[in-house]
Amino acid sequence: MRRVLKQLNDVVGVKGSLAITWDGMVVASHLGRNLEEEFVAAMASAALHSMRRALAPHALHTFNRLTLVASHGKLVLADAGPAYLVVVMDRNVEVGPVQIEIESAAMRIRQLGEIRI
Amino acid sequence: MQGEIRVERFLRDVVAQDAVHAEHALRRVVQINSGSVKAHALLAELYHLVGAVADCRRHLHRVLAEKPDADDVQAFLARIGEGTWDGELEDLTSDAFATLARAVEEAGDFVGAPEVFPDLLCHDADARRRARLHVDIDGLSRDIARVGQTAGVRNTVLLDRDGKVLAEHADDAGLSRRDFAHVIRQLRSTADDTSRRMDAGALVRAEIESPAGDLTIVRVQRLTVGALYSEPLRADSVWELLQDLTARNLSTPTEVAHA
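Residue numbers (our numbering), protein chains in the order written: chain A, 1 to 117; chain B, 118 to 376.
These are calculated hints, taken from the structure and not from any lab test.
Just so it is clear, the structure is predicted and the values come from calculations on it, not from any experiment.
A hint or two may mislead.
Stretch by stretch, here's where chain A covers chain B in the computed footprint (C-beta under 8 Å, at least three residues) [said to hold, decoys possible]:
(1) 160–172
(2) 225–236
(3) 254–266
Negatives, chain A to chain B, calculated, CB over 10 Å [what the hints assert, rightly or not]:
(4) Gln7
(5) Pro57
(6) His58
(7) Leu68
(8) Asn92
(9) Ile100
(10) Glu101
Label pairs and their in silico Cβ distance ranges [to be verified]:
(11) A:Ala42 <-> B:Thr216: 18 to 28 Å
(12) A:Arg3 <-> B:Val228: 26 to 36 Å
(13) A:Pro97 <-> B:Gly198: 21 to 31 Å
(14) B:Gly168 <-> A:Ala42: 14 to 24 Å
Every residue, glycine too, gets a C-beta built ideally from N, C-alpha and C.
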């Protein structure tokens, strides 16, 4: 899994990535110097839970991907089967072209199978 | 440097965290070099933006001590109502400043108008102008309803800063208008919170892709646009539609002409 993340981080504009369980535990990470793994995992997990809670009454809660674009950075959370793939991106990079790389990484994580902690 | 960047970001996005980081960095600069005109000018600007007038004055007097011929500073001091300064005023505490900055963020607007502050450091003029963008609410409301009729769009809504619905549209396959507005309020709050905690600045857009339908939320100034859609629309085409809509209704005539 670390290899998958490392390859994803080689894409221009990706500042770091990590795989987390649904409850926010870090499975593997490859983050840049300024990013703390536990903090990013906690933020991503909290966002996932809140979004799902808001969408559940309307049957929209099984989402494949969540993208947050802010003025100084971007965050993508992709469903990767047993884990969620969290990708932190630079603000100057378009999300569109990187989505293919994210999808590919998520698919490879999905194929890795079950996670036991 | 960090202080200057954070002030620029605060001017552009009105995110309190940027102001707090900027103030902290600039305080350290003036502790190390009390004669730094740049740091005093930036601190004065921050204090002006959040409404801490006495502290703004204090730092502008320090600027004047170094640059006595700065006419624009003298004029600005006269404008904010003080001719003299005793030099003994207490420093605003960091906590008190953070409270003022948060209040500005919640209000979505500065207490002191950015454009009246003397441009001592040749700031990015666009950032100041953007802080006072023109908003055509009626045009925006009409366009929200129009976008709602695009094939694939199930719901659209326009919310103000407080979550009040300004315009909305729902088709038979969509959620009820009330439910959709409620969902967008909740998602906006979560997405905003995550962006700020991650120190990524102000939320611009959030997209959720779900087998049951996709959602896009766009923040422009104090307004939020939400859309729920499905095939044949995709997130990138909806983003284009919403960009077009905001460009038409949230820009000055000059900007539209340039565009």
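We went through each hint and held it up to the structure:
1. Only residues whose beta carbon comes within less than 8 Å of a beta carbon in chain A count, and the stretch 160–172 of chain B has 0; fewer than three means the coverage is violated.
2. Note: the stretch 225–236 of chain B has 0 residues with beta-carbon separation from chain A under 8 Å; the three-residue rule is not met and the coverage is violated.
3. Under a criterion of three residues with beta carbons nearer than 8 Å to beta carbons of chain A, the stated coverage of the stretch 254–266 of chain B fails, only 0 such residues being counted.
4. No beta-carbon of chain B comes within 10 Å of the beta-carbon of Gln7 of chain A; the shortest separation is about 23 Å.
5. A beta-carbon of chain B comes within 10 Å of the beta-carbon of Pro57 of chain A; the shortest separation is about 8 Å.
6. Interface exclusion of His58 of chain A from chain B breaks down, the closest Cβ pair being 6 Å apart, not more than 10 Å.
7. The beta carbon of Leu68 of chain A sits about 5 Å from the closest Cβ of chain B, which is not more than 10 Å, so the claim that it is off the interface is violated.
8. Here Asn92 of chain A stays apart from chain B, with its beta-carbon at least about 13 Å from theirs, past the 10 Å limit.
9. For Ile100 of chain A, the requirement that its beta carbon stay farther than 10 Å from each beta carbon of chain B is met, with the minimum near 13 Å.
10. Distance check on Glu101 of chain A: its Cβ is at least 16 Å (rounded) from any Cβ of chain B, clearing the 10 Å threshold; non-interface status holds.
11. Checked against the hint of 18 to 28 Å, the pair Ala42 of chain A and Thr216 of chain B passes, with Cβ atoms roughly 25 Å apart.
12. The supplied range of 26 to 36 Å is broken by Arg3 of chain A and Val228 of chain B, whose beta-carbon atoms lie about 52 Å from each other.
13. Taken as a hint, the range 21 to 31 Å is violated for the pair Pro97 of chain A and Gly198 of chain B, whose Cβ atoms sit roughly 54 Å apart.
14. Our hint of 14 to 24 Å for Gly168 of chain B and Ala42 of chain A is violated, since their Cβ atoms are close to 34 Å apart.
Going through the hint list in order, the structure does not satisfy hints 1, 2, 3, 5, 6, 7, 12, 13 and 14.
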